[in-house]
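Participant: Residue numbers (the numbering used here), protein chains in the order written: chain G, 23 to 622; chain R, 2 to 315.
Among the clues, some could well be false.
[Stated by the list, open to error] Where chain G lies over chain R, by a calculated footprint (3+ residues, C-beta under 8 Å): (1) 108–116; (2) 133–147.
[Stated by the list, open to error] Calculated Cβ distances over 10 Å to all of chain R for the following chain G residues: (3) VAL191; (4) THR206; (5) THR223; (6) LYS369; (7) TRP371.
I should point out that these hints are in silico values taken from the structure, not numbers from a laboratory.
Idealized CB from N, CA, C, for every residue including glycine.
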Amino acid sequence: MRPTPGGPFNLLNSKVAYMAESDNFSSTHSVQGTYADLILANGRIYTQDLANPWAEAVAIRDGKLIGVASLGQIEMFKGPNTRVHDLQGAFCMPGLHDMHTHPDLALAPRYADDLDVGIEDPTPEQLRESILAYADSHPGDGWIYGQYWVRYTFREAGLTPGRAWLDSVMPDRPVALLDRMWGTMMVNSKALELAGIDGNTSDPRNGYFERDELTGEPTGLMIDGAYAMIHAAMPPTPVSVLRRAYRDGVHFQSSRGVTASKYVHVCEQRLQALKALDDTGELTVRIEAAISWQDDIFPVRRRWELLAGERHYYRSARLSANAVKFHFDGTVEPKSSYLLTPWPEEKSWRGKLNLTPEHITDMVVDMDRKGIRVIAHCTGDGASDVFLDAVAEARRRNGFSGVRHQCAHSTLLHPGNLPRFKELNVIAEFSPAAWYPTPFASGARSGYGQERLKRIYDFKGVLAAGGTAVMGTDWPVASIDPWLALETMITRQNPWNDDPACFGDPISLEQALTVITSNGAVAMGLEHSTGSLQVGKSADLIVIDRDLFAAPARNYIHKTQVLLTFVEGQLVYDRHSTLEAVGLKAVWQGEPPVLEGKAQ
Amino acid sequence: MTTPRIAVTVVSGFLGAGKTTLLNRMVRRAEGSRLAVIVNDFGELNIDAAIVSEVTDAVYSLQNGCICCTVQEDLLAQLGSLAQLQPRLERIVIECSGVSDPQRIVQTLAYPQLRSQMQLDMVITVVDATRHLQLDGEYARLARAQVAAADLLLLNKTDLVDETQLQALREALGLRTRVHESVQAQLPDALWLDTELELEPRKVKPLTRVSDGDHGEMFSSWLWQSNAALDADGLRGWLQALPSDVFRVKGLVKLAQGNKAHWLQHVGTRSQFLPATDEAGVDTTRLVFIARRGFDGWEALGQGLEASTVKVNA
């Protein structure tokens with residue numbers, strides 16, 4: 023979304039007017055007005071600016087802050103056409119930065135028109151009817167993809183699940199169905215043919231396909247990582263589905279006060295969906311989209327074109343694809359995080375690194391030279407050690423390129439690496455999935471062992487060493503609500519009960535606010551234009567229903583309601599449509615959409 | 002019969018069904034054999050500390066040679082390291098959590114990196130005769146999945162239910178499944194250990210009684226042999242139609258397709274073929290069947306196999 027004509031506030035009926043009106047970008051010699059377009063007055067304004075930490079009013083012109091000051095000082099910006107809104111003492115602060123999340127992965131499967139059998143334990147006969155009904159309602163020769171089947175109803179019926187059975191139901195269209203345990207995908211012969219899988223095909227590293235023991239031919243049961251072999255042959259998720267997923271994602275984020283976010287893992291389809299939102303004024307969050315380096319989540323068919331320069335076609339003030347996402351290691355549950363020392367109760371098992379250190383180094387150096395930020399999934403302390411070594415090599419060969427690379431999750435960091443985040447200009451990103459006690463996190467707790475848990479998600483260590491720590495919700499792994507993450511950064515305790523258990527080291531409210539605002543701006547490469555409320559910066563700010571400093575964080579901060587959200591001075595969210603009184607209509611109004619079940 | 006691969010027994014069953022009692026029996030039965038048992042909780046086994054000879058890295062070595070350890074998050078890695086133990090293990094028993102679908106573990110065992118070192122021998126599901134039919138919701142579905150994944154059902158605590166209830170259980174468990182009824186999780190060795198099966202060729206007849214009454218007078222076994230090759234599809238059809246009194250079929254088969262010999266291992270309703278290396282006599286098919294004592298369908302089984310042979314000149 024770019025600023026609309028007549029200043030960024032002319033948004034009443036903007037959807038109709040948009041295409042017919044001229045652009046209004048500002049550049050060196052473009053004409054600027056004298057007075058503010060909008061003044062937000064009488065607020066308790068936390069600026070995140072050390073020189074001027076609190077203010078009473080802000081003045082906005084052409085999307086930028088021209089005054090952040092006391093009520094008296096702000097008067098000079100008030101002209102005949104300036105709109106003034108009285109905050110009535112409400113708390114105002116810079117917008118939140120969610121530096122790692124995946125609305126597409128969480129929502130697109132819900133919106134895709136896939137086959138949903140809809141029966142808890144479908145018999146093979148019910149499954150057959152369901153496939154045939156879907157084929158009737160979706161004529162043609164396209165893929166039939168969906169869920170679920172269960173193994174035991176096949177056993178009970180004396181049948182063997184696999185290509186032979188599926189061929190008897192649907193011989194001429196490719197079919198792929200997931201089982202309810204999500205461990206097996208059943209495919210027919212047509213699907214195997216389109217995926218180019220036969221008896222000579224090798225198994226992937228992280229799974230296998232079942233073979234007939236006598237002939238070696240695939241039986242049509244794909245186990246674990248072998249799903250990807252079928253996904254690679256399927257058409258990509260339609261742009262329309264992805265667009266709906268991202269639209270709901272940014273709608274939620276705007277209504278929860280997020281003004282900048284990173285959508286980590288995109289392909290050309292996803293960039294098209296984001297651009298479509300941007301073009302129609304619905305991309306209400308600044309997005310950095312990271313192109314996937316590997317095909318393990320979805321295939322990226324135009325990876326090399328995108329990385330070579332095609333990504334620039336998507337660029338705007340709201341959208342950048344100057345980033346690439348790598349999966350360096352795995353996760354705690356299957357003990358695939360790559361550690362510096364063996365896992366608890368293991369003699370030698372340190373986990374897995376998905377790429378060789380040489381591959382990682384060469385590509386970090388290459389991406390760095392191209393001005394592309396590397397966002398590297400590193401859960402184990404061994405993975406981040408290898409990543410920091412690769413960045414050190416990039417700095418040695420390229421000098422400081424101006425690109426700060428990002429260590430994603432940073433679940434475990436070696437104490438010796440804490441100062442290297444500052445030294446090498448690397449962002450330490452932490453995701454809240456297991457930084458406070460929940461049944462899920464307690465699983466992770468037992469996995470890493472007690473010694474490592476003491477230093478899990480070490481915000482404090484990185485900050486103390488002068489590094490830039492940021493937060494990424496990593497939805498759907500954890501909740502997409504940034505206020506839950508903010509509260510638990512400060513408490514490191516369960517936000518819903520009074521269990522005294524605490525994971526890792528808490529940080530102060532002031533530190534947490536830095537993490538979620540100005541440090542986020544640094545991670546976006548936007549520290550000169552957002553992240554704090556300072557004259558000259560973009561008006562990316564929020565108004566909320568409570569003073570964050572007025573009560574202890576626990577069970578308080580996560581209940582925060584956002585009232586107003588501005589991005590580049592544009593009113594993107596107005597919970598109670600309050601500003602319609604001064605002629606401003608927000609893109610989103612009312613309660614935030616419900617995207618996830620109530621967390622515990 | 003010797004196979005280079007370690008046999009794996011998976012023990013499943015709902016909470017309280019009697020898995021721990023069964024595992025305890027297996028641990029004690031291990032005398033002299035190279036057996037490892039992976040359990041959910043070693044403490045539950047209630048092993049007398051006096052018979053634990055060594056503990057390293059939470060692996061307990063018992064005086065009778067059995068090795069016990071607690072299941073790790075990464076079963077794949079854990080099995081991989083157990084496979085490296087010297088002298089080599091003969092068998093690994095894995096206990097599934099009471100509220101899990103054993104299919105997950107069955108799938109892990111088929112991972113390419115394990116397939117060359119170990120093979121699933123059988124899935125035994127212990128069914129609690131007093132509670133199985135009372136489970137509902139997600140628990141009932143899990144119990145159903147556990148029953149469906151089993152090659153052998155150990156219907157336990159049959160002394161605590163009456164004949165009507167027992168009959169209802171038999172019907173619920175289905176006709177195709179191999180069921181052994183027990184009290185205190187008593188599982189005859191012949192049903193899970195196969196070391197005593199003799200495969201020496203005999204001169205006299207194609208179908209020979211090998212033993213009768215050796216296994217606590219519960220099971221008898223027969224050997225079938227032939228010089229003719231078997232048709233793979235015919236053999237598979239014959240295996241799928243085996244009566245439920247037949248618990249196990251194993252041996253060496255010469256298949257007409259590719260003229261190759263394979264080790265065959267059939268338990269319950271599941272068959273596995275493994276290419277035989279040339280050390281074994283490739284020219285004959287020798288299969289041993291083990292069935293419930295009193296089973297009288299031997300002749301029919303032999304005839305079924307005869308029908309699957311491929312005549313050289315045909």
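Participant: Against each hint, give a clear statement of whether it holds in the structure.
Facilitator: Comparing the hints with the structure gives:
{"no.": "1", "hint": "108–116", "verdict": "holds (count 4)"}
{"no.": "2", "hint": "133–147", "verdict": "holds (count 3)"}
{"no.": "3", "hint": "VAL191", "verdict": "holds (20 Å)"}
{"no.": "4", "hint": "THR206", "verdict": "violated (7 Å)"}
{"no.": "5", "hint": "THR223", "verdict": "holds (12 Å)"}
{"no.": "6", "hint": "LYS369", "verdict": "violated (6 Å)"}
{"no.": "7", "hint": "TRP371", "verdict": "violated (5 Å)"}
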